[in-house]
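**Q** Here is how the chains run, residue by residue.
Protein chains: 2
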Amino acid sequence: MSIELTILGCHSATPRVNAYPTAQYLEINSRSFLIDCGEGTQRQMRKYKVGFSKINHIFISHLHGDHFFGLIGLISTFGILNREKQLHIYGPTGIKEVINLQLKHSKSHVKYDLIFHELNSKKSELIFEDEKVEVRTIPLHHRVYTNGFFFKEKDKPRKLNITAIKKIQEIETCDYNNLKAGKDFKLSSNEIIQNSLLTSDPEAALSYAFCSDTSYKPDIVEIIQEANLLYHEATFLADKEDLAKKTRHSTAKQAALIAKKAKVKKLILGHYSSRYKDISLFKKEAEEIFKDVILAEAGKVLSM
Amino acid sequence: MSIELTILGCHSATPRVNAYPTAQYLEINSRSFLIDCGEGTQRQMRKYKVGFSKINHIFISHLHGDHFFGLIGLISTFGILNREKQLHIYGPTGIKEVINLQLKHSKSHVKYDLIFHELNSKKSELIFEDEKVEVRTIPLHHRVYTNGFFFKEKDKPRKLNITAIKKIQEIETCDYNNLKAGKDFKLSSNEIIQNSLLTSDPEAALSYAFCSDTSYKPDIVEIIQEANLLYHEATFLADKEDLAKKTRHSTAKQAALIAKKAKVKKLILGHYSSRYKDISLFKKEAEEIFKDVILAEAGKVLSM
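Chains as they are written, first to last, in the working numbering: chain H, 1 to 304; chain X, 1001 to 1304.
If you're looking for bench data, these hints aren't it; they were derived computationally from the structure. A few of these clues could be false.
Claimed, not checked - Subject to a maximum C-alpha distance of 25 Å in a straight line, what follows is the list of computed DMTMM-like cross-link-like pairs (lysine to aspartate or glutamate):
id: 1; chain 1: H; residue 1: LYS107; chain 2: X; residue 2: ASP1113
id: 2; chain 1: H; residue 1: LYS107; chain 2: X; residue 2: GLU1118
id: 3; chain 1: X; residue 1: LYS1096; chain 2: X; residue 2: ASP1113
id: 4; chain 1: X; residue 1: LYS1107; chain 2: H; residue 2: GLU134
id: 5; chain 1: H; residue 1: LYS47; chain 2: X; residue 2: ASP1278
id: 6; chain 1: H; residue 1: LYS49; chain 2: X; residue 2: ASP1239
id: 7; chain 1: X; residue 1: LYS1107; chain 2: H; residue 2: GLU118
id: 8; chain 1: X; residue 1: LYS1263; chain 2: X; residue 2: ASP1292
id: 9; chain 1: H; residue 1: LYS47; chain 2: X; residue 2: GLU1084
id: 10; chain 1: H; residue 1: LYS217; chain 2: H; residue 2: GLU288
id: 11; chain 1: X; residue 1: LYS1111; chain 2: H; residue 2: ASP242
id: 12; chain 1: H; residue 1: LYS217; chain 2: H; residue 2: ASP155
id: 13; chain 1: H; residue 1: LYS277; chain 2: H; residue 2: GLU222
id: 14; chain 1: X; residue 1: LYS1246; chain 2: H; residue 2: GLU84
id: 15; chain 1: X; residue 1: LYS1132; chain 2: X; residue 2: ASP1184
id: 16; chain 1: H; residue 1: LYS123; chain 2: H; residue 2: GLU222
id: 17; chain 1: H; residue 1: LYS266; chain 2: H; residue 2: GLU97
id: 18; chain 1: H; residue 1: LYS180; chain 2: H; residue 2: ASP155
id: 19; chain 1: H; residue 1: LYS107; chain 2: X; residue 2: GLU1097
id: 20; chain 1: H; residue 1: LYS107; chain 2: X; residue 2: GLU1241
id: 21; chain 1: H; residue 1: LYS266; chain 2: H; residue 2: ASP201
id: 22; chain 1: H; residue 1: LYS180; chain 2: H; residue 2: GLU134
id: 23; chain 1: X; residue 1: LYS1107; chain 2: H; residue 2: ASP242
id: 24; chain 1: X; residue 1: LYS1107; chain 2: H; residue 2: ASP201
id: 25; chain 1: H; residue 1: LYS111; chain 2: X; residue 2: ASP1278
id: 26; chain 1: X; residue 1: LYS1047; chain 2: X; residue 2: GLU1084
id: 27; chain 1: X; residue 1: LYS1104; chain 2: H; residue 2: GLU118
id: 28; chain 1: X; residue 1: LYS1265; chain 2: X; residue 2: GLU1118
id: 29; chain 1: X; residue 1: LYS1104; chain 2: H; residue 2: GLU97
id: 30; chain 1: X; residue 1: LYS1261; chain 2: X; residue 2: GLU1226
id: 31; chain 1: X; residue 1: LYS1166; chain 2: X; residue 2: ASP1113
id: 32; chain 1: X; residue 1: LYS1047; chain 2: H; residue 2: GLU297
Remember, it's a predicted structure, so these values are computed and weren't measured experimentally.
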């Protein structure tokens, strides 16, 4: 499994008994990320068995309460649980001041390293990278400075064709990394064996685009192009397009238009306004534009 | 009914699926108060049907997360719900800065008046008073500056003895307030009718003492003397008295000793450490010292 996304909360504005605000847990290419952290996220993590120790990187889209009021609680809980590992927080400028002020007043300075990566660029930028995954911002358009996040697996190594390799006695285990990297093999006779005879194409590198909150913003299409999965907020249905524009949110139809233009594989919708009692209407509206639509629900897990 | 206390959350440290941190809703003599506001309080208010519009005064004991991380979310939700009434917040110095900084970064300045009453006195002080109720601080001893709160009904008016009153033709409805206030009645003949012949003693003024978090602190007894109901934290059992002392918390036994010394009518325990799976042990321990012990549980309502 390359990507596993767990929805922890997917509603907008205010937490209700069974409607938690935005938070998602993403596993991608053996890396674990928390995306947004509305009030109650730590409770939802416990409920849906997301191990607290797996979280080393938290990405916060913007500083509206339904996306980050749960962060200080989670940071404090990590401290109470005697966390020692570094924790990286990526979010808008100001997030460090907000968190540190609360830690100061509660005299709860955590013993682990809390490292803030404050964002203020209006252009997409690379904010995380290791050998497995890279994460770029997706500049969005909302009432406050907001980014989505584009998570992409690094290109994977070519797959070894062990049957073919075993036939060449000179190839040793220590050569495998060169083969995985696509290099040809040179025999002691100076004969060259082409890499394509010893390996097959790697699995495709998958990607996940998270976009919340934003008004309809077609220029994000070039960043999220052909993502395997796109989460796009859909606060309203098309009947409230004016309200979406005014509050800088999107309709289900607009989310589907983005999915279609970007040629993503699947679209998952969320951030529903509490005015809608029947969220199946969001799927119905989006499916008129784009065929593969899923509705976010707390506890839903998507794997690919 | 003079006092009705609803427990919204009663656990310590970190929120869990069915264990919410401290928050209580108190109705006393027709006044409504929220006491402490851990993460998830607004969800619990919805669950237990506490009307948001009833809350005009919120008392925060101290700035540890399990007592106030839900406050910013509730304040924001009031804004989203277009609240217009003033909201008064009573809590340690620093609370205003923490809340206002978050409102600033989220560009969510609320449209109602948010009035902070910052506390820093080490002595008990009167912090709220109207014609029905008064509220005094109970200075506690914890790792950060902390107050409990003593809610007391104002003395109630004497009860009119309508049968006796009706026999005196000269007494008119406009005289009733004087009679309720204990004044004698003077007839036009200058004869005096003693108040006690026209009224009976009023109902007793009830009181509620909220004490969380604190180490064992017997000097609070004089403030909470003969309270009708005392909530006292009991984070530990007596087997962890050393840990209670170190972390500046109390044991169930210590809570019961306070109840006994103060001659309160009932004791309600809460703030249980998550290390204890069987909270009935708290009741058992306290009952060895004090007979009328209740265990706080989310959703429990106590009336008197």
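**Q** Evaluate each hint against the coordinates.
**A** Cross-check of the supplied hints:
no., hint, verdict
1, H:LYS107 / X:ASP1113, "29 Å, violated"
2, H:LYS107 / X:GLU1118, "18 Å, holds"
3, X:LYS1096 / X:ASP1113, "13 Å, holds"
4, X:LYS1107 / H:GLU134, "31 Å, violated"
5, H:LYS47 / X:ASP1278, "21 Å, holds"
6, H:LYS49 / X:ASP1239, "32 Å, violated"
7, X:LYS1107 / H:GLU118, "18 Å, holds"
8, X:LYS1263 / X:ASP1292, "11 Å, holds"
9, H:LYS47 / X:GLU1084, "36 Å, violated"
10, H:LYS217 / H:GLU288, "19 Å, holds"
11, X:LYS1111 / H:ASP242, "23 Å, holds"
12, H:LYS217 / H:ASP155, "28 Å, violated"
13, H:LYS277 / H:GLU222, "34 Å, violated"
14, X:LYS1246 / H:GLU84, "22 Å, holds"
15, X:LYS1132 / X:ASP1184, "24 Å, holds"
16, H:LYS123 / H:GLU222, "12 Å, holds"
17, H:LYS266 / H:GLU97, "37 Å, violated"
18, H:LYS180 / H:ASP155, "11 Å, holds"
19, H:LYS107 / X:GLU1097, "15 Å, holds"
20, H:LYS107 / X:GLU1241, "23 Å, holds"
21, H:LYS266 / H:ASP201, "24 Å, holds"
22, H:LYS180 / H:GLU134, "20 Å, holds"
23, X:LYS1107 / H:ASP242, "21 Å, holds"
24, X:LYS1107 / H:ASP201, "50 Å, violated"
25, H:LYS111 / X:ASP1278, "31 Å, violated"
26, X:LYS1047 / X:GLU1084, "24 Å, holds"
27, X:LYS1104 / H:GLU118, "17 Å, holds"
28, X:LYS1265 / X:GLU1118, "31 Å, violated"
29, X:LYS1104 / H:GLU97, "12 Å, holds"
30, X:LYS1261 / X:GLU1226, "9 Å, holds"
31, X:LYS1166 / X:ASP1113, "48 Å, violated"
32, X:LYS1047 / H:GLU297, "20 Å, holds"
When held up to the earlier numbered hints, the structure conflicts with 1, 4, 6, 9, 12, 13, 17, 24, 25, 28 and 31 and fits the remainder.
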